[in-house]
Amino acid sequence: AQSVAQPEDQVNVAEGNPLTVKCTYSVSGNPYLFWYVQYPNRGLQFLLKYITGDNLVKGSYGFEAEFNKSQTSFHLKKPSALVSDSALYFCAVRDDYKLSFGAGTTVTVRA
Amino acid sequence: EAGVAQSPRYKIIEKRQSVAFWCNPISGHATLYWYQQILGQGPKLLIQFQNNGVVDDSQLPKDRFSAERLKGVDSTLKIQPAKLEDSAVYLCASSLGYSHNEQFFGPGTRLTVL
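Chains U and E supply the protein sequences, listed in that same order. Quick note, the first sequence lines up with residues -9 to 101 if you use my numbering. Quick note, the second sequence lines up with residues 4 to 117 if you use my numbering.
Incorrect hints may appear among the rest.
Restraint-style ranges between C-beta atoms, simulated for each label pair [unchecked claim]:
#1 E:Ala23 / U:Thr42: 39 to 45 Å
#2 E:Pro84 / U:Ser60: 47 to 53 Å
#3 E:Trp25 / U:Gln61: 40 to 46 Å
#4 U:Ile41 / E:Lys18: 39 to 45 Å
#5 U:Tyr29 / E:Pro84: 29 to 35 Å
#6 U:Val73 / E:Gly6: 21 to 27 Å
#7 U:Asn45 / E:Ser69: 21 to 27 Å
#8 E:Asn55 / U:Gln0: 40 to 46 Å
#9 U:Ser70 / E:Asn55: 42 to 48 Å
#10 E:Ser10 / U:Asp85: 25 to 31 Å
#11 U:Glu5 / E:Arg19: 30 to 36 Å
#12 U:Asn45 / E:Asn104: 19 to 25 Å
#13 U:Pro(-3) / E:Lys18: 46 to 52 Å
For the record, the hints were derived by calculation from the structure and aren't laboratory data. Note that the structure is predicted; figures quoted are calculated from it, not measured. Even for Gly, the Cβ is constructed at its ideal location relative to N, Cα and C.
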């Protein structure tokens, strides 16, 4: 079965600093990878996906993610974090026709 | 474009009672998903519909959970009887297809079983 791991439960950064949220994956075959964000009392919102092609994927709200096949990683990045980026972030992998999610990383951006 | 609608937003029941959740997906989305999200964990797929047919219900506890999507549009998820461990947020999502299309999520229903 396909799976993803998010090694950090929490990430804390100062506003204006770079933000990285880590994700590693385990798949057989080509990976289809996703990032979602969840704000308090709201559902998950799609940020970006990697299916094939360029290893650097650009998504919503200034986020991007880098697919690294040799390191089996798909880290989410933002060059300059905002306080409003504080939320819960989930990495996911397509497993057959369904998504398998990681446990999530709570991001706190302090002013 | 209207998003995925869910109701109720919150529900508190006692164990052994029954409860039902409703979901209306984005218009035109053929695939509908129900997820269970326990506090501190990522969402776990309970059941997936393609139109009004079930694609995957392998993680649905069928002795107490049931779901239907009779007309291929909106869907209901029922728990009967509820257990304490069913306390979670139940998320509904929809997508155009079940390939690698992104899923759009509703706000969820937070269930507390006492």
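Worksheet item: Which numbered hints are broken by the structure, listed smallest first?
Response: Per hint list: 7, 11, 13 violated.
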